[in-house]
Amino acid sequence: MKSSHRFHRLTIAVLLVFSIAALALSLLVGSVAIVWNDLISFFRSGTVSMTTMVVLELRLPRAFSAFVVGSSLAVAGVMMQVLLRNPLADPYVLGVSGGSAAFALIVMLLGLPFSVVPIAATIGAGFSIMLLILLARASGDWGSSRLLLTGIVLASGWGALIGFFLSLGEANQIQGMLFWLMGDLRPEWPGFIRVLVLLAVLIAGFIVARDLDLLLEGDLRARSLGLNTSALRLIILLAASLLTAASVTLAGPVGFIGLVVPHMMRLIIGSRHRLLIPVSALAGGTLLVIAEMIARTVIAPQQLPVGVITSFIGVPVFLYLLRRRGLSIPS
Amino acid sequence: MIRLEVQCLNLQIGGQKICDNLTLKVKPGEVWSVLGRNGVGKTTLLHTLAGLRDPLGGQIKLDGLALNSLATKARGQKVSILFQQAQAPISTRAYDFVMSARHPWISRWAGPTRDDQDIVVESLSQMGVEALMHRDVDSLSGGERRRVELAATVAQNAQTILLDEPVNHLDLHYQINLLQGALKKWRAEGRAVVMVMHDLNLAIRFSDHLLCLCGDGSTLQGETSVVATTENLSTLLRYPLQELTLGDRSFFIPT
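Line by line, the protein sequences give chains A and B.
Per the working numbering, residue 1 is the first one in the first sequence, and the count goes up by one each step.
Per the working numbering, residue 332 is the first one in the second sequence, and the count goes up by one each step.
Hint data in this document are derived by calculation from the structure and do not stem from the laboratory.
Glycine is no exception: its CB is placed at the ideal position from the N, C-alpha and C atoms.
A portion of the hints provided could be inaccurate.
Per label pair, the in silico range of CB-to-CB distance [said to hold, decoys possible]: (1) 207/A with 416/B: 29 to 35 Å; (2) 157/A with 341/B: 39 to 45 Å; (3) 168/A with 416/B: 37 to 43 Å; (4) 415/B with 29/A: 56 to 62 Å; (5) 354/B with 319/A: 28 to 34 Å; (6) 130/A with 338/B: 48 to 54 Å; (7) 163/A with 466/B: 46 to 52 Å; (8) 416/B with 163/A: 44 to 50 Å; (9) 470/B with 207/A: 30 to 36 Å.
Per the computed footprint, the stretches of chain B lying under chain A, defined by three or more beta-carbons under 8 Å from a beta-carbon of chain A, are [to be verified]: (10) 393–407; (11) 431–442.
Based on the provided sequences and hints, a complete structural model is requested.
Here you go:
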């Protein structure tokens with residue numbers, strides 16, 4: 001037991017170092033080369049040069065946003081995997097991001113005030129999860145491939161709806177919307193509420209971590225051991241919806257982070273949520289910061305939507321998991 | 332003092348009556364077996380007694396307290412259930428599986444204590460599976476897994492214990508040793524045990540009371556020696572049985 005504690009602490013430490021290194025690297029890498037003297041003079045005397053402006057106003061907010069979105073999606077993935085008891089559950093694959101984006105898009109095209117968009121996105125995500133549960137539950141077995149099929153069909157349904165609304169949009173809006181829908185990070189701070197949502201879910205996740213472990217052992221057993229499973233499910237549903245909406249409204253539907261990251265972390269530290277949630281948050285953030293860095297350097301000076309990069313990573317991993325592990329959650 | 336009390340319980344599944352106005356009193360130290368044909372609702376009855384399913388009518392009390400008035404965690408401290416089948420293909424270490432049975436006793440803030448850890452190890456060794464502690468439950472054989480599940484029942488430390496086919500998958504010597512050992516201990520500790528057993532003769536051998544579900548909502552209950560007659564059991568199982576006596580024990584076999 002003792003040695004495993006040390007291993008867990010080591011894992012967290014290593015991930016912390018990785019995430020800080022990724023953030024730092026992301027500030028230094030890009031189409032405008034860093035002039036060290038400029039940075040030094042900024043820190044010495046506050047002189048703002050071209051370099052410092054690029055770093056402070058473009059790269060820093062975008063890197064930070066990437067971290068928040070990556071963390072949120074990874075934790076949303078963990079939550080959905082518990083809720084649906086399926087290791088392949090992911091907000092993007094099962095159409096939850098799509099539902100969130102579609103609702104957000106409708107509100108935008110209707111010309112409603114911008115403040116309504118995040119609410120619509122949250123409702124869209126929650127609605128999509130509930131639809132998924134209702135449609136897939138008939139079989140009574142969460143581990144079934146029926147869930148995946150239902151989710152994937154829902155995702156393409158949302159995709160079609162989004163396509164329909166896009167074609168109604170005006171030509172000058174479409175380029176931006178298309179980019180957003182592929183998962184795109186702009187040089188924009190993540191905003192207080194998104195950080196708050198992430199922190200709140202991390203804290204709540206820590207508090208109910210043991211309950212989540214128990215829920216994974218099956219509904220009947222969890223209930224017989226004194227867990228109020230319907231209340232817990234509601235909390236998870238809310239957490240997953242909020243996190244998905246927070247990231248979709250900021251960066252569009254970025255795929256596969258919620259699938260790849262929790263899976264890698266489970267292989268390293270197991271399925272105990274007390275550790276899995278914070279560790280996934282760190283790793284998810286780091287991964288998206290790196291993906292974002294690749295997205296804007298690989299064909300520089302042009303930029304790729306970051307969702308393209310995550311899909312390049314995620315699709316092979318998803319197919320591999322589907323083939324290798326089947327549908328059970330490794331311990 | 333009554334551990335488990337059932338008053339006027341009405342239960343149905345798919346329109347079929349399981350029991351109609353069932354009244355039952357299980358006292359500390361008693362072991363009851365539920366008998367009946369396949370699909371007669373034995374498992375449903377057990378789930379209802381565990382509070383996992385609401386009855387159509389009637390009341391269930393544990394140590395004098397109404398089951399539906401208990402908080403979920405308090406219920407988990409008072410009654411435990413061993414399910415007939417493993418819930419799902421989730422893999423977890425045997426140690427963690429048994430530790431999760433301590434959930435009703437573990438404080439959300441403090442987490443498992445040294446006591447909990449000791450109880451888990453003791454329970455595993457009581458069922459003879461402490462060597463499998465670090466193995467994945469998924470990698471165990473059916474019988475090993477069943478003993479890990481029984482260890483979890485022990486660890487939950489409830490005064491009322493419901494067992495759905497506890498010796499499923501077990502080798503013969505484990506069936507006997509386990510039932511003998513565990514039931515003797517539970518009887519001595521004043522717990523109440525209600526079990527569903529597939530094997531009629533094991534049920535008769537190890538329980539002091541029988542509850543028979545006849546399939547039309549009517550029930551028959553009482554001390555084993557009174558209820559277990561060729562006539563009753565033949566009617567219940569809808570197949571003529573014959574009683575064989577060997578020493579001071581009776582066996583019922585199909586004619």
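List of violated hint numbers, smallest to largest:
3, 5 and 6
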